[in-house]
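Peer 1: If you're matching them up, the sequences are chains S and C in order. The first sequence begins at 1 in the working numbering and counts up one residue at a time. The second sequence begins at 1 in the working numbering and counts up one residue at a time.
Hints listed in this document are in silico derivations from the structure and should not be mistaken for laboratory results. It cannot be assumed that every hint is accurate.
As the list claims (entries may be wrong) - Only pairs whose alpha carbons sit at most 25 Å apart, straight line, appear in this in silico SDA-like list of lysine to any residue:
hint, chain 1, residue 1, chain 2, residue 2
1, S, Lys-453, S, Ser-283
2, S, Lys-272, C, Ser-280
3, S, Lys-308, S, Asn-298
4, S, Lys-272, S, Asn-63
5, C, Lys-174, S, Asn-63
6, S, Lys-200, C, Gly-93
Chain residues, written in single-letter form:
Protein chains: 2
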Amino acid sequence: MAHEKEAFEGVEWRIRVADGSSEVPVPDIGLARKFWLRTKGLISCLGLNVRMFLKKAWDVGANDPRKVIHCFKVGLALTLVSLFYFMRPLYDGVGGNAIWALMTVVLVFEPNVGATLYKCLNRMFATFLAGFLALGVHWIASRSGDRFEPFVVGASVFLLASMATFSRFIPSVKSLFDYGAMVFILTFSFVAVSGYRVEKLFDFAHQRISTIFIGTSLCILVIILVCPIWCGQELHGLTVSNMDKLAHSLQGCVTQYFTNINGDDKKMLGYKCVLSSKASEDSMANFARWEPSHGRFNFRHPWKQYQKIGASMRSCAYSIEALNSCINKENKAAESIKKHFSTSCLKVSSSSSSAIRELAQTVKEMKKSPTVFMFIGEMNKAVEELQNDLKSLSQLLDLSTTAENKEYETPLLEATGSVPFMEIVPVVTLAFILIEIAVRTEALVGSVEELAKLADFATHDGNSKKSEMKDKIVPNEEKPEGTLEALQSV
Amino acid sequence: MAHEKEAFEGVEWRIRVADGSSEVPVPDIGLARKFWLRTKGLISCLGLNVRMFLKKAWDVGANDPRKVIHCFKVGLALTLVSLFYFMRPLYDGVGGNAIWALMTVVLVFEPNVGATLYKCLNRMFATFLAGFLALGVHWIASRSGDRFEPFVVGASVFLLASMATFSRFIPSVKSLFDYGAMVFILTFSFVAVSGYRVEKLFDFAHQRISTIFIGTSLCILVIILVCPIWCGQELHGLTVSNMDKLAHSLQGCVTQYFTNINGDDKKMLGYKCVLSSKASEDSMANFARWEPSHGRFNFRHPWKQYQKIGASMRSCAYSIEALNSCINKENKAAESIKKHFSTSCLKVSSSSSSAIRELAQTVKEMKKSPTVFMFIGEMNKAVEELQNDLKSLSQLLDLSTTAENKEYETPLLEATGSVPFMEIVPVVTLAFILIEIAVRTEALVGSVEELAKLADFATHDGNSKKSEMKDKIVPNEEKPEGTLEALQSV
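Please put together the full structure from these sequences, using the hints given.
Peer 2: Structure follows, in structure tokens:
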């Protein structure tokens, strides 16, 4: 429809030009036609919006089909719990309170196992506790006489609801029992207040507890048995992919700077994902501890250590951000100085990104890798080289050089002869930041080592695995080597 | 109790030493005594934990008394809604379905107005929509015969619940109607499935809608009338305080580096708050748009611009992080080089932090400030000076200096005579990062300007306000000037 409209306007415009006069055909259009045109425009606009919305929705599903599966799981759980309405014996069994089972399913069903278990266990525990407390309060209230009963119940609701609400602000309670505190308030006030009107309060509380038990059990069964998404596994995967992104960004930035070969921009900005992943890491680590042993993860897998690894990765990402801003600066660097530093800088970046990639592999396979330390050794050697390059630049530039260094200086002198200092600064800054990145990479290695110790990662057994490892590293190593050679041949 | 335990252990140890023998009194202790000691230890440990927990809880309340007020508001709202149980006419009015009003209060009451309104409006809208849809489905199902009725209802629940769940994954729906989608599923499945058992379904749906209306209205009244916490105001305040923190960190780091006077470490690390405030900014901006006009904010206040300002601030904070890592490096910088750069670096940091502080003031008072541009002008001048300092360092170090520059060089030469290049690098890097920070400060000014335009900030009227402004700036300016003088007199 949008096409039609455009075509119409195009025609109108052409008519005017062909005439050469100022008589425009617009006033000829009647009110009805105007209305029709406007409606048509509105509909086409709406159609376009709807189409864009559907496109977006399709993308969401196509990018992560597990989301679609989750939706069907919710539908399945709800249909199953509806059986309590459709089947007479089941309906009579819960005394017509099937609504609580239905509500439980809607409220506790989350996309992943950890969050669902957290909510289910919180809901069960809080319902039990609140139910018993409310029965106690009702017993006291019913003994205080008809006149005081509402006041006793009202005061207890006010006090306990306030206290439970306050507990949700305390960090240690919030991380473990936030949802439980809400359910506690709900059940307590519900049962306590109902006591004033409902005759058989004990049956009432018992029914609420049993229907909630049915609802939560059903949720747990569906979430675990039908294509489960484990929070721990997600966190594990996120950590691995973030490490890969970091490594790619680091190597990409430095390689592009020194070789002027443009890389994939989207991949090079991968470090930005690392910068913004704190919130999701925290919530995943929080939910993952509710999950039972699954796959390669035990019940007490050290999920908190993943948060520490995340912090180390972010600290690397901050430095890569600084590196990137230094590379994108308008201040151009002198080619000769770039050439002076390129070998050592490329070595530092390639060895530290290889180390990070190897760490990603370590975490992914949950196997300690001796190769990491090889890369770290290489990296430290490269950092030393870089520091020597910085020193040799100083020998070249420093007026107070002693006579014995003159020999070494001469070839560099030719290259840097008349370079303005401002064109040296960006490269020196870059080198300095690279050294900082090397330090932070070592810290990252430390936190992954800590994880390996806590989670008891397997060790590689001698030769066979080592050679397999070597084969695997080659493709990663090839790239920088290739670019290095390309650079040296220029 | 912890004290007692320590005292006991202390005494035991002293007895052994006094004896000088290896006869320890431990084996003499009987089983009962052992049990008593262990129990005592456990109790004292528990007591300590409880005391620490209470201390933490007290701190939460003392740091933000509004949280305590919020808890009492929840209690108040629940007690008010309980009146529907305690007063016969009210209870009969809603046909015994007062439970929905109670549930609504527990589920939608949030600490701030925006989040509560978001949930209330979502709940009302979704309940209406789902209620009508469910009545329609029930009408169709009841006409399809007894045998097919459960299948029609079951299929509709499965389909609509799946679709509504999927819609929660689409970002534009999630930001506006996440809670609404959940309530839609709940109400739809509830009313549709109940249709199979409940005789007067229309009355049932009508009661659910009216009780939810009562609950939400009560929540809105309590949240707005009793000490309201406006999300918009919070976001506004967070933005202002984050800017102040940025300014303080920037100035603090640079001043401490060049003057060796230790500042307040906690304040200097304030930029870390800026790094981690994205999630809260996003959620606040999301809720703030539900809030009606309040204080100085209109209904359509450009809250999204605050997110952009936040992004600009984070970009500054990344650079400050780089600055900090550069300052804390073990590589010591030469004092003479530090002295060479100190004046211009301190000027850049003080003028850009003054500019940021002035921006904070602009946002806080919602008044455009001409002084910001004065500071930005100063900053740019200082950046030029810094660049000149870098160039003069180059003239000093560069071998290819021409004869006419020699005069200017001589005094610097004396200072830097025999400095190793590695001791120059940290300062050069710092200078380079400072220049980057100046660029990012200008970007921050740009985003605040955009906010001023969108939110129609008042302009300062000529002289009176300007002089008032000047008085205000003096304290900010005094500090760096003072440290500068202190440095120069060294």
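Peer 1: All hints, please: hold or fail.
Peer 2: Going through the hints against the structure:
{"no.": "1", "hint": "S:Lys-453 - S:Ser-283", "verdict": "holds (23 Å)"}
{"no.": "2", "hint": "S:Lys-272 - C:Ser-280", "verdict": "holds (18 Å)"}
{"no.": "3", "hint": "S:Lys-308 - S:Asn-298", "verdict": "holds (19 Å)"}
{"no.": "4", "hint": "S:Lys-272 - S:Asn-63", "verdict": "holds (20 Å)"}
{"no.": "5", "hint": "C:Lys-174 - S:Asn-63", "verdict": "holds (17 Å)"}
{"no.": "6", "hint": "S:Lys-200 - C:Gly-93", "verdict": "holds (22 Å)"}
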